[in-house]
Amino acid sequence: MSLGVCYYPEHWPEEKWESDAERMKALGLSFARIGEFSWALLEPEPGRYEFGWLDKAVGTLHAAGLEVMLGTPTATPPKWLVDAHDDMLAWDEEGRPRGFGSRRHYCFSSETYRRHSRRITEVLARRYGQHPAVTMWQTDNEFGCHDTVRSYSPMARLAFRDWLREKYTDIDALNEAWGNRFWSMLYHSFDEIELPHLTVTEPNPSHTLDFYRFSSDQVIDFHKEQAEIIRLHAPHATITHNVMGHYYHYDHHELGRHVDVLTWDSYPLGFLAWSRSSDEHKQRYLRQGDPDFAGYHHDLYRGCSAFGVIEQQPGPVNWAPYNPCPLPGMVRLWTVEAFAHGAHFSAPFRWRQVPFAQEQNHAGLLRPDDQPAQGYGEIEEAAGVLAKLGPEEEAARVAILFSYDSFWMAEIQPQGNAYHTEDIVSDWYAAARSLGLDVDIVHPSVELSRYDVVLIPSLLPLTEEVAWRLEESGAALIAGARSGSKNENGNIIPGLAPGPLKRLLPLTVTRSETIPPGPGGKAGAGHWHIWRDEVECDAEPALTDEAGRAVLYRFGEHRYFAALPDRALLREELRALCAARGIETADLPEGLRLRSGRGHRFAFNYGPEPVELPAGLGPSDGEFLTGGRTLPPAGIAAWRLP
Amino acid sequence: MSLGVCYYPEHWPEEKWESDAERMKALGLSFARIGEFSWALLEPEPGRYEFGWLDKAVGTLHAAGLEVMLGTPTATPPKWLVDAHDDMLAWDEEGRPRGFGSRRHYCFSSETYRRHSRRITEVLARRYGQHPAVTMWQTDNEFGCHDTVRSYSPMARLAFRDWLREKYTDIDALNEAWGNRFWSMLYHSFDEIELPHLTVTEPNPSHTLDFYRFSSDQVIDFHKEQAEIIRLHAPHATITHNVMGHYYHYDHHELGRHVDVLTWDSYPLGFLAWSRSSDEHKQRYLRQGDPDFAGYHHDLYRGCSAFGVIEQQPGPVNWAPYNPCPLPGMVRLWTVEAFAHGAHFSAPFRWRQVPFAQEQNHAGLLRPDDQPAQGYGEIEEAAGVLAKLGPEEEAARVAILFSYDSFWMAEIQPQGNAYHTEDIVSDWYAAARSLGLDVDIVHPSVELSRYDVVLIPSLLPLTEEVAWRLEESGAALIAGARSGSKNENGNIIPGLAPGPLKRLLPLTVTRSETIPPGPGGKAGAGHWHIWRDEVECDAEPALTDEAGRAVLYRFGEHRYFAALPDRALLREELRALCAARGIETADLPEGLRLRSGRGHRFAFNYGPEPVELPAGLGPSDGEFLTGGRTLPPAGIAAWRLP
Amino acid sequence: MSLGVCYYPEHWPEEKWESDAERMKALGLSFARIGEFSWALLEPEPGRYEFGWLDKAVGTLHAAGLEVMLGTPTATPPKWLVDAHDDMLAWDEEGRPRGFGSRRHYCFSSETYRRHSRRITEVLARRYGQHPAVTMWQTDNEFGCHDTVRSYSPMARLAFRDWLREKYTDIDALNEAWGNRFWSMLYHSFDEIELPHLTVTEPNPSHTLDFYRFSSDQVIDFHKEQAEIIRLHAPHATITHNVMGHYYHYDHHELGRHVDVLTWDSYPLGFLAWSRSSDEHKQRYLRQGDPDFAGYHHDLYRGCSAFGVIEQQPGPVNWAPYNPCPLPGMVRLWTVEAFAHGAHFSAPFRWRQVPFAQEQNHAGLLRPDDQPAQGYGEIEEAAGVLAKLGPEEEAARVAILFSYDSFWMAEIQPQGNAYHTEDIVSDWYAAARSLGLDVDIVHPSVELSRYDVVLIPSLLPLTEEVAWRLEESGAALIAGARSGSKNENGNIIPGLAPGPLKRLLPLTVTRSETIPPGPGGKAGAGHWHIWRDEVECDAEPALTDEAGRAVLYRFGEHRYFAALPDRALLREELRALCAARGIETADLPEGLRLRSGRGHRFAFNYGPEPVELPAGLGPSDGEFLTGGRTLPPAGIAAWRLP
Ligand SMILES: [Zn+2]
Ligand SMILES: [Zn+2]
Ligand SMILES: [Zn+2]
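Chains as they are written, first to last, in UniProt numbering: chain A, 1 to 642; chain B, 1 to 642; chain C, 1 to 642.
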C-alpha cells in the first residue's frame, strides 16, 4: 500500500531534480515512475546510447529514498527509427499508415519493430536490472491508446494469416467455422485471406472475431517479449503494464497472467464526458466523475491480477471534450477509494504540469511555476488517512462474470445500436453497488464457490464446463438475455440460447428483438430496455410488462431476465435474492458508495451535496477512523468492521 | 397469385432437403427461389463446375411439386476470381477499391467482370434452361445494395468517357450542355473528363447528373446481358430481378422494360428505423412498419412492370439500427396486402434462419432448430385468405407522376437539406391513401387519360410533350413547387418554371426559397414546408399563409402549390378535387389503409390498437370474405365490391 | 463611396453586353467587377491567348461610363494546365489530391503553379494595365474558400521545411521551441519534419501552429507576387482581394498591408444558417441575418485596411443548408450599412442569375429572364439614400483587440469543444453594439491612445510591448480569461497567465477549467460559460457565482473576467465603464443596431417587427435624412449628428 508519482526528469533542468525528489519524499511518496517516453534521449542516434541523464535521475531519486518504476520507451520510437523502417507503422482501418508526430506509431505485427523493442528493452534491463532503486518495471505505455491495437498494415495481414494457419491448420476447418459457404466466401488457402476492412458491406462476423482475437494476442506477445527480457535481468522486480479505463480491444485477463501487478490509469472526469450518460448525469457529476467509474475498473482489473493505479487524475486534464476542475477533495477520495478496493499502490499523473507540447493543459501535483496545485495537498491528506489502515482483502459475495471475447462478439454483432456490453455490465455493477454490495468482476474460469450470487449481464459464449461449475458452486444466478447464445465462433448455439445454461435455466430463446433507446415496457420496480427475448418455457414468467411480454423467469434461486432490466428493476430482484442469502443490503442516497475489506468499511460521497450515512451503517461504537455520519461533497468516512 | 420462399439448400445437409421441400409444399407454397449466392460452390476453381448438388436440390424441389426460381450468382464472385482480376472491383467515392469479404464486390463497368458474368450465366442457362422445374430466373441480387451502383474505378472512368462520347459526339456540345464556361471548366476532349468526385467543392451538377445516368445505364446493361443469355436458353421462363425499397440509384422504369416481372424485397420494419420519420411515428409503428411503406413500393414498382414480392420480412431482421419483432399478424398482413396491390407472387426471405455468418440474426419461416417461427403460421393463414380471391386488377383514378431522372436532379441540387424527393412523393402518396384512394405511381410517359386526378409532387424536368398529354388527358392536375423548373441537363428552364406546364398553370416562378425543417406558414387545413416559390400571375392566390405569402393557385381544376403542402393541407385540396370528379373518399382512422381491385376491397390495420371501419365502408350485404367491421392490430378485412 | 456589380460577360451573348452596361449605369452603378474565373477563355490552349472578347467587354463597359475591376483568373486554372502539372494540386488532410472539376484546385506551395500564376497575371497586366476603364484589380478570388489554405501536398511539405529552416536556422532551436523532448519528438534535421496530419493522436501544437503560420504566409506571398506585377504595369490602380466572412485560415491583417482596399463578400443569410446560434435565433433572423454579422466583419476588415464589400448577397443563395429569400428591404439595408461602417464601395454579386452550373440557384440583380429581381430595386433605393450622405470616418472610442495568431492557438488547443474564438469575440462585439456603441476591431499593434475602453475577449499571446502600450494608452481594459496565457510558440507563459498583463491586472491564473455548453454559474446580470480560471490575487473578486467561484476582478478601471461572461454579464460591466468614461450608451430594442460616423448617425432594424427609436436617439431637430422614429422590419433611419 504505497503512493508514488509519475515523473519526467527529462522535461526539467537537472538543477531541479534533487529538490523534486526531496519534495516527493516529504509528501509521503515512496516511488517515482519514469522513463517511458524517453527513447529519443536514450538513443539519440542509431546505436548511440546516452544513459548519463537517466543514471543521474535514478540516482537522485534513490538518494532521496525513493524507489523507481522504470518504463520501456517503446510507445514513442524516435523519428530516425521510423524513417529507417516504414514497415514498422500501423495502418488505420481506412488503409493509411499512421505516421510519426505524436506517439504509439508502431504496428504490433511488425517484426522489424519487435526486434527494436527487444533491443531497447534488453539495453535498459541490462543497465538498470540490478539497480537497487529500480524495483518495478513497466512495459511500454497504455497499449491500445488512440485505437492502436487493430492495425490494417501489410505486416498485420501476413501475421494474421499465420495466426489463422496455426489455429485452424486446414483451410476447410476455417471455412466451416466461419460459415464461409454463405455468400460464396470460401477460401482455398490462408494466403487468400484479407483483413476484415474496406469490404462492400460488413465482413463475416467470425472473420472479424478472429481478427480481434489475433490483434489482442499480438499485444500480449509484444508485452511478453519485453517482460521476459526484464525478468532475465531483474528477476525480483515487479513487472507491470498500465492499462486504461473504458478500453476493451485486447484481453486484460490474459495480460494479467503475464504481469505481477496490473496498473491502470484513472481519469474519472474525462471519461464521464465521453460516456453515453444523460446530460443531467454528466452535469451532476461534472467535477466528481461517475460514482461507479473508478470502482468498476478497480474491481474489473482486480479480477485480472493484483492491481494498482499508476496514473491518478490530479486536476483538470487536456483531452476530453471539456475539462473541469475536480471538486476539492476528489483527488483524496479517488486515491483512498483505490486502496479500499485493494490497490497495491496509487500514483498521480504527473509531478509537475509541463508547459509545452500536447499535454501542457494537463494538471500535475505542482503547477508549472512549481507551486502546489490541488493534488499536492490532497495526496498528502490521503497519505494521512491511509496511514491508519492496513491492507485490505476482498470478501465480496457477489460476482459479475465478464469476458473480453464476449465483448468482441457483441461489438461485432450488437443486433441493435443501443447494445453496448460495457454499458450493460457497468449498469449491473452499479445496481449492485447502489445496494451497498461489494462486487467482484471475474472471468468465467475462476473458482465460483466463494460467491452467493453470480450475475451474468452479457456472456454470449458460455461453455458446458462453466455451466457445470456454476451449478456446482451453489450460487444463485441472475442471467441477462443473450447469455449462452453463441458458440466459440460467434455463431448461434445449436439448440438455441441459453445453451449450456439450460441446465440451470430450463427454457429456450426462440428469437430476440432490439428496440430504440428508452424503456421497452414496465416491469417490477423498473423497465426493460434495449433487448428482449421470446422464450419457450414450461414455467410462467415471474414478471411481464404491461403488454404481457415475459421479462423475468425464476427457477428456484436462479433468474433469467428475458428482457434486459434497467437499474431499478435489477436492483429489486437482486435485493430480494441477497435477503434470501443473508447478504445485508442498504438503501444508499444517490452518489454514496460503500466498500468493505476484511477489516474496514468505507463510505464515499460522489454527490454534490452532503449526505447522511443511512441508519444501520457506521461504527457500532461510534468511532470513525476518518470522517463521520455526515459526508460533505467528496467526503470519506471509514470505520472498523466488528 | 402464388406463394414461394427463398431457400439456400447449400447451407444445410442434403438429408434435410427432401423434408424441407415437402414442408414447403404442405405449407401451400408453390416455388422456391435458390442459387443466387452460390458461385463458389458451383465453380470452386476456375472452369471446374460442380453441378451435382444443384441438380439434386432442383430435383428434390421438383419432386415435391415445387417450381424453382434460379438466380445467377454474380452478386458474390469467388475469391479466386477477384484475385485474378483486380480490375473487377468497384471503387468508392473516396477513391479506394471495395474489396472481397462480403458481397457485391464488382464494378458494373469492368469488362473483365462482364465477361465472367456472361460466362457463368451461360453455363447455368445451358444446364437448367430446359429443366421443367426452373420456370423463373433472377439476375444477380439487389443491384445497388450497399451503394454499389456508382463506382469511381478507373474502369468506370473509361466507360463514362465512352458514354459521354456517344451521347454528345462533340466535346463542345458537352461544354454547352453542362455550362462549362462557368469557372473555366471547359474541356477539349472527352478523355480529359474525370469522375465527379474528390473535387475541391461540388462538381458541375450537369456533370454529376450525366454520371448518375451513366451509372444507371451500366446496371441496366449488365442485367440485359444476363437476361438475353437466359432468354436464349429458356425462352419461356419468367425473368426477374429483385429490387429494393427506398432505393433510387438506377432507373427502375428502365429495368422494368427488360424483365417479365419486377420483384422487390419488402422489409417494413428496418426501413422505418432508417427513415426520417419522427420518433413518435417510429415508436407507434415500431412492430408494424409505416402504413404506406409497402403500398408505396407496390404501386411504384407496379408502375414499372408486372411485379411481385420476392423477399418478404418474416420476423426480426439483423441490419437495422434496432430490430423489433413484427406484431403477431403482420407477416400475414404484408403478404395479403401485396396481392391486394396486384402482386403476382410473394415469397418470404428465408426458409430457415441460418446460424452462421452475416445474417445469422435474420429470422426465417423456421427457427435454426427447425421449429416453426412466426412467419410459418402466418404464411399459412395468408394462403387461406388468398384462396378465396382471384387476381386483382388495378383501377386507380388517381396517379402520381414520378421519374428517376428528376430524383437525381433534386438529389444533386436540393437547394435545401430538407428537400428529399422520396419524402415528398411518399408524403403525397400517403395523403391520397389516407383518403382511402387507390393510387398509381407512374412515369410521365404513360397514357394518362385513364386518370381523373394527376399529382406531380416533384418533377423537375417536364417536356412539352408531357404537358400536352396532360392537357389532352382531361385530368385535374395538382403540381408542387419545382415542377417543370429544369431542362434536360438540369439547368434552369428558359422562361422559368413551370416551363411547359404554363400551358395548364399560367404563372411564372420568379424565385424560390428553402427553409429549415418545420412549418413555414399556416395555410388551409395545414402548413407549407421546405420549399416556397414566388410567383408572377394574373390570378390571385387561392390560399396564402399568415404572412400573406402565396401558397396555392387554382386554375379551373388545376392546382399549383407554390409552397410545398404538408399532408393535411394537400389532403383537403385533394379531397375537394375528388368530390368534384365524383371520386369517393373516406375519413380513415390513423393507421387504417384500404385497397381495391376490380373485384374486392381490402382494409388493413397498421395501428397498434383496434379500429372500426368507418360508416360507408364494408360489404353492402354485411358479408366479409375475411375479418369484420372491427379490425384488431394487424387485422385484415376484405369484401366483395358490388 | 460608390456602387458596382459583379459581372460575367462570358456567360452571356455579346448582344446583351451593351444593354447590360447601360442598365448598370442607369441603376446608379459606377463599376463592374469582371474576369476572375475566365482563364479557360483567355487562354484556351497553352500560350494561345484570346483577348478579343475581354477587350470588347471592357470597351463596352467603358463606353457606358463604367469603371472596371479586373480579376486575375487564378482561382480557376484550366484543365490542360492541371493535366500538364499534377504537382500543382493541393492535397487534403486525408492525403489525397484535390482534383479538377470545380475551382481553387491548386496548392499555394506549388512552384509550378506560382510560375503560371505570375505568367497569366503578367499577360493581363500588360494588356489592361493602362486601359482607362480598368482602375481596379483583384487578385484571384476568395483565398481559402473550400478550405484551401492548408495543403498537405508533397510541395507543401518541402516548402514548410524551408520555411522552418528560415525561421529557426538550427534544428535544436526548433526542438526547444516546440518542446520536442516530450514524447521523443526530437528531430535531427529539418528534412525529417512531416506535415502535422495523419498522426496517431494529435501532433505537437507548436508544430501545427507553425504549419498554420506557414500556410498563411504562402497565401500572402501568392498575393504579393500578383500584386507586384500588377503594380508594375498599373501603378495607379487600386489593388484588392476579396476575403470571406467567418474565415480565419490566413492572416487578414497581413494581407491588408499588401492591398489598397480589402474587399469582402457579405452573405448574411447563408452564414447564419451555418453558425452555432440557437434554432430560435436562426428562425427569428431567417430572412435578415444576424444583426451583428455584417457590422462585425465591416469593423474587423476596416481594422485591416481601407475596405469595401465586393459581393453583397442580393437574394437567395445556393450553398447554405437552406436558402431563404431576404426580407424586402434587406438588400438596401445591408448596402447602406456597409457605407455607415466606412466602406469605400459595395457591389452585389451578381448582375444576372446564371441558369447553368454550380451557382444556378444563386440570385442576381436580374432574373435569368432579364427581369429585375429584389436586389435591382433595392440597390436603386440604396443609391438614393447614399446620395444624401458624404463619406464617413470612424470615431469609435471602444476597441476590441484581435489577432489571427491567437485564433490559431485556440483553434489548435481549445481545451474545451465549446471554446471558439470567433464566437467569443463576436459575442463581445455584439454586447457592445447592443449598447449602441461603435466599435473598432484591431490588431494589438495599433495605436491605442485614441480609445477609452479596450476589450480583449481572447488574446492568448500578448507581448510585454503590447501590455506597456495598453498601460500608456490610459484606456480602461476588460480582459477575458486566457488573455496573456501563452508565449509565441503557443506554450504556457512563464509565471503563468495573464503574463505581461500582470502589469495592469495583478493576479495569477493558477489553473483553468472548461465546462459543457450552457451556463456555468450566475453572476451579475448574467452568467459565465465555457471557460473559468482559478486565480491567486490579493484583491477580492468583484463578482462571484452562486457557488462562490470568482468571476470578475476589478483593478481601478481595469477588469479581468476570470470566467468568460455571457452577453448580459459583459454588457452591464461595459455599460458602467462607459458611463465612467462619459461614453453614452443606449438600451436598444432587440434587433436594432446603430452606427455613427463623424457626420451622421444610422439606425438599422434587423428584427422581424417594427421598433421605435429609444428616447434620446434621433435628430435634435426632428429631421431625418431617411426614415423616422418608427423603423419597419428592414428599416433604416439616418440623421445628422449635431
Ligand atoms: Zn498467456
Ligand atoms: Zn432499355
Ligand atoms: Zn507583409
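No wet-lab data here; the hints were simulated from the structure.
In this text, a Cβ means the ideal position worked out from N, Cα and C, and glycines have one as well.
Accuracy of the hints is not assured; some may be wrong.
As the list claims (entries may be wrong) - Which stretches of chain A does chain B cover? Using the computed rule of at least three CB atoms under 8 angstroms from a CB of chain B, they are:
| id | segment |
| --- | --- |
| 1 | 48-55 |
| 2 | 182-190 |
| 3 | 220-226 |
| 4 | 376-385 |
| 5 | 413-419 |
*Contradicted hints - numbers only*: 1, 3 and 4
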